[in-house]
Amino acid sequence: MFRPKYPEAPTPSIVHVPTAVPTAQHSHAPACSCQHAPAPAPARPAGALSGLNAGTVGAVVTVGIVLTALLAAVAVTAVSVAVAAVVMRSLLASQRRR
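Taking this note's numbering, the leading residue of the sequence shown gets 1, the next gets one more, and so forth.
You may find that some hints are simply not true.
Now the in silico label distances, taken between C-beta atoms and shown as ranges [to be verified]:
(1) T19 - V57: 51 to 61 Å
(2) P4 - V87: 54 to 64 Å
(3) R3 - V74: 37 to 47 Å
(4) V60 - T19: 55 to 65 Å
FYI, nobody ran anything at the bench for these hints, they're computed from the structure.
Where a beta carbon is used, it is the ideal one built from N, C-alpha and C, also for glycine.
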(Lines of atoms letter the chains of each structure in order from A; the text may use other names.)
(Lines give C-alpha, C1' and ligand atoms only; values in the text may rest on other atoms or scores of the structure.)
Protein backbone atom coordinates (compact mmCIF):
# COMPACT_ATOMS: atom_id res chain seq x y z
CA MET A 1 0.00 0.00 0.00
CA PHE A 2 2.76 2.42 0.90
CA ARG A 3 5.19 1.23 -1.73
CA PRO A 4 5.55 3.48 -4.77
CA LYS A 5 4.42 2.21 -8.14
CA TYR A 6 7.10 2.81 -10.75
CA PRO A 7 6.14 2.90 -14.42
CA GLU A 8 7.42 0.10 -16.58
CA ALA A 9 10.43 1.03 -18.67
CA PRO A 10 9.75 0.68 -22.39
CA THR A 11 11.70 -2.07 -24.03
CA PRO A 12 13.43 -1.22 -27.31
CA SER A 13 11.91 -2.96 -30.30
CA ILE A 14 15.12 -3.03 -32.37
CA VAL A 15 18.26 -4.48 -30.87
CA HIS A 16 21.42 -3.15 -32.49
CA VAL A 17 24.45 -5.41 -32.26
CA PRO A 18 27.63 -3.60 -33.28
CA THR A 19 30.00 -5.56 -35.43
CA ALA A 20 33.50 -6.10 -34.18
CA VAL A 21 36.02 -3.96 -36.04
CA PRO A 22 39.63 -4.98 -35.51
CA THR A 23 41.73 -2.12 -34.24
CA ALA A 24 45.42 -1.70 -34.79
CA GLN A 25 47.49 -2.72 -31.81
CA HIS A 26 50.28 -0.31 -30.95
CA SER A 27 53.05 -1.37 -28.67
CA HIS A 28 55.13 1.29 -27.00
CA ALA A 29 58.65 0.64 -25.96
CA PRO A 30 59.43 1.70 -22.37
CA ALA A 31 61.48 4.87 -22.04
CA CYS A 32 63.81 3.20 -19.58
CA SER A 33 64.55 -0.34 -18.50
CA CYS A 34 64.02 0.23 -14.77
CA GLN A 35 61.03 -1.10 -12.84
CA HIS A 36 58.59 1.56 -11.64
CA ALA A 37 56.37 0.93 -8.65
CA PRO A 38 52.84 2.35 -8.81
CA ALA A 39 52.31 5.57 -6.89
CA PRO A 40 50.84 4.95 -3.41
CA ALA A 41 47.25 6.03 -2.93
CA PRO A 42 46.76 9.07 -0.68
CA ALA A 43 45.94 8.02 2.85
CA ARG A 44 42.50 9.00 4.12
CA PRO A 45 42.07 9.64 7.81
CA ALA A 46 40.04 6.88 9.38
CA GLY A 47 36.89 7.60 11.31
CA ALA A 48 33.28 8.55 10.82
CA LEU A 49 33.97 12.28 11.07
CA SER A 50 36.75 12.48 8.52
CA GLY A 51 34.71 14.69 6.15
CA LEU A 52 34.27 17.52 8.64
CA ASN A 53 36.34 20.65 8.42
CA ALA A 54 36.83 23.52 10.88
CA GLY A 55 33.99 25.60 9.41
CA THR A 56 31.49 22.81 9.84
CA VAL A 57 32.57 22.12 13.40
CA GLY A 58 32.41 25.84 14.22
CA ALA A 59 28.90 26.13 12.78
CA VAL A 60 27.68 23.12 14.76
CA VAL A 61 29.19 24.47 17.99
CA THR A 62 27.69 27.92 17.38
CA VAL A 63 24.24 26.48 16.71
CA GLY A 64 24.53 24.34 19.83
CA ILE A 65 25.43 27.36 21.97
CA VAL A 66 22.56 29.42 20.56
CA LEU A 67 20.04 26.63 21.12
CA THR A 68 21.29 26.07 24.67
CA ALA A 69 20.95 29.79 25.42
CA LEU A 70 17.40 29.81 24.03
CA LEU A 71 16.50 26.77 26.12
CA ALA A 72 17.89 28.43 29.24
CA ALA A 73 15.90 31.59 28.47
CA VAL A 74 12.70 29.57 28.09
CA ALA A 75 13.37 27.74 31.36
CA VAL A 76 14.01 31.00 33.28
CA THR A 77 10.86 32.53 31.80
CA ALA A 78 8.79 29.47 32.76
CA VAL A 79 10.06 29.56 36.33
CA SER A 80 9.39 33.28 36.68
CA VAL A 81 5.85 32.90 35.29
CA ALA A 82 5.21 30.02 37.71
CA VAL A 83 6.44 32.09 40.68
CA ALA A 84 4.32 35.04 39.59
CA ALA A 85 1.27 32.76 39.30
CA VAL A 86 1.82 31.40 42.80
CA VAL A 87 2.18 34.92 44.23
CA MET A 88 -0.96 36.14 42.42
CA ARG A 89 -2.91 33.11 43.63
CA SER A 90 -1.78 33.74 47.18
CA LEU A 91 -2.78 37.43 47.00
CA LEU A 92 -6.17 36.63 45.52
CA ALA A 93 -6.83 33.91 48.11
CA SER A 94 -5.99 36.23 51.01
CA GLN A 95 -8.39 38.91 49.68
CA ARG A 96 -11.24 36.40 49.44
CA ARG A 97 -10.83 35.39 53.08
CA ARG A 98 -11.34 38.96 54.29
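For each hint, the structure was consulted:
1. T19 - V57: 51 to 61 Å: Roughly 58 Å apart at Cβ, these two residues keep to the hinted range, so it holds.
2. P4 - V87: 54 to 64 Å: holds, 58 Å
3. R3 - V74: 37 to 47 Å: Holds: the Cβ-Cβ distance is about 41 Å, inside 37 to 47 Å.
4. V60 - T19: 55 to 65 Å: holds, 58 Å
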